[in-house]
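Line by line, the protein sequences are chains A and B. With the first sequence counted from 1, adding 87 to any position gets you the working numbering. With the second sequence counted from 1, adding 139 to any position gets you the working numbering.
Keep in mind the hints are simulated off the structure, nothing from the lab. Beta carbons: idealized from backbone N, C-alpha and C, even for Gly. One or more hints might be untrue.
Which residues of chain B face chain A? A few of them, derived with a C-beta cut under 10 Å, are [what the hints assert, rightly or not]: (1) D232; (2) D233; (3) F241; (4) K370.
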Amino acid sequence: MAQTSHGIGGLSYDPAKNSRPPELNVLLALVLITTAFELIGRLFMGDSFLFNTRENVDALFNWQRLNIIILQVSIVGIIALGVTQVIISGGIDLSSGSIVGATAMITMSFAQTAIVNGNPNPKAIFGDWAMDLPVLVPVAVGLCCGLIAGLVNGALIAYTRIPPFIATLGMMVFARGLSRWWSNGNPVSFPTEGYAVIGQGMMPVVIFVSLAVLFHLVLNHTKYGKHCYAIGSNEQASRMSGIKVNNHKVLVYTIAGILAALAAVVVSSKNLTAQSGMGMMYELDAIAMAVIGGVSLQGGRGSILGTVLGALIFGVIISGFTFLKLDAYYQEMVKGVIIVGAVVLDQWRQKNRGRG
Amino acid sequence: MSNVILETRGLTKHYSGVHALSDANFILHKGEHVAIMGDNGAGKSTFVRQLTGVEQPTRGQIVFDGIEHTFASPIEAREAGIETVFQNLALADDLDVPSNLFLGREKFRIRLGPFSILDKKAMREATTQALIKTGVKIPNLMNTIRNMSGGQRQCVAIARTAAFKSKLVIMDEPTAALGVQETAQVENIIRTLKEAGEPLILISHNMRQVFDLADRIVVFRRGRIVANLRKEETDGQDVVSYITGAKTGAEFEGAT
């Protein structure tokens, strides 16, 4: 081991341990995967993955594909932002996908329009009083749903001391049941024009990117962010140092719940309908994005930037498989391999930089 | 104004019938370094736990800096000015040095409740000051603690006590887990504190260390203070006989 001496008494310090930021590795992986698709495309499909090949369009890149790559991950990406801060502070949230389902059903019930093509709304849940409400009402109702669900998660974890895995698993099953019970399994459809704008076009990307910037700042420059890392790193030390660990945990899960609810608003607006099965497996995709982005499941390490890059890797893989005209089954299988690979890599990195 | 920084009167702690600490009368003067010795289970850790608010005494008073205190938690003791370096280091591995120093006591640029914005520059500067004050050298402040050696970690824990205006530092076996060189470094820091006039309570099993660093040695045995010895008036043999109980506290009277 290369060691240099510093300080009184010659304390050893190994500069090689001063490792580069993990986000760099994730970025490298993203570039590698994209390049691989580009090469395979050129060699076997006679088409480019990233670049424009249509002669009637004047552009360097294939913007359509690039847009799709980010658009298809931005809704789960919103959830992944919340999941990232949960995992950094040493927890896990399995309930976000189900919160999306339940919130979408409830929110859409307050966003319906009374008249569809000259007829009364066939999917109406409530009476006339809940029809054509200003868009603020369903959004507020939706965010409140997420807030309550997150608050319950956080309170259970902080005050009953049950493992986050169990608490959020319970919420996952409960919220999925709630979304089925809400309209007896029927979809809730036909939102007002105002509501439909929220998820239109590239709006999900705009929301995802602005929230990512916001949460990047929060995690890096506020007391809240610092305490996320501290608690995930050493909960006992944080408690002894006077950090109100319980309050912090409640806040962390509440924010995660609100973000899941926001994703529900966006996805139901985008699809112009809410179904009880909405958001199925979103929680796992969100966790996978974070883990691929270098967020350690042991807590204390990771970043929003990493998660955003992880989400992009996700998007590139899905688009790449479509581009190569491979079946969706392969996507799932490869996703599984990548998730496990990312965690193995994290463990391996941990072991290699054990204490000096 | 007296020059006593800490006084305990009849400090007693019973754990459901077990007399872990009985009538401890202890005085620490300003700028004084006192070592606490004793066998395992002699009551020295129990004594420290009462002082640092980790536990609450069954009976007795703690007068710190002229005011009688009842510390409900370690945080209260810390706010009063008692900084403790615990045996199991209370550091967060994934944070850098300034973040660890200011853990739970961050400096803010703008106060917004939980989302208050950190003043990283001020914390970095205060960290540098604290490290200079204690004579600790750390190659790169912005490195996480995880990559540091045991000695460096212990130094960070000690520097933490210097970053705030502590009036008393308590160290619970600060070198128990360290190598020879690292122990020397920590002992140097303790000497720096002595020169700066910072009072210190040092718990140690290391006789050489105690005679090197302390002005006075207080021996605990079976939950009682059995000896209070000035360093110049005693030797290792003497201290050991008090620890083992071969000698009992005849000279204890009035020795403060």
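We went through each hint and held it up to the structure:
| no. | hint | verdict |
| --- | --- | --- |
| 1 | D232 | 5 Å, holds |
| 2 | D233 | 4 Å, holds |
| 3 | F241 | 9 Å, holds |
| 4 | K370 | 24 Å, violated |
Against the hints set out earlier in the document, a violation occurs for number 4 only.
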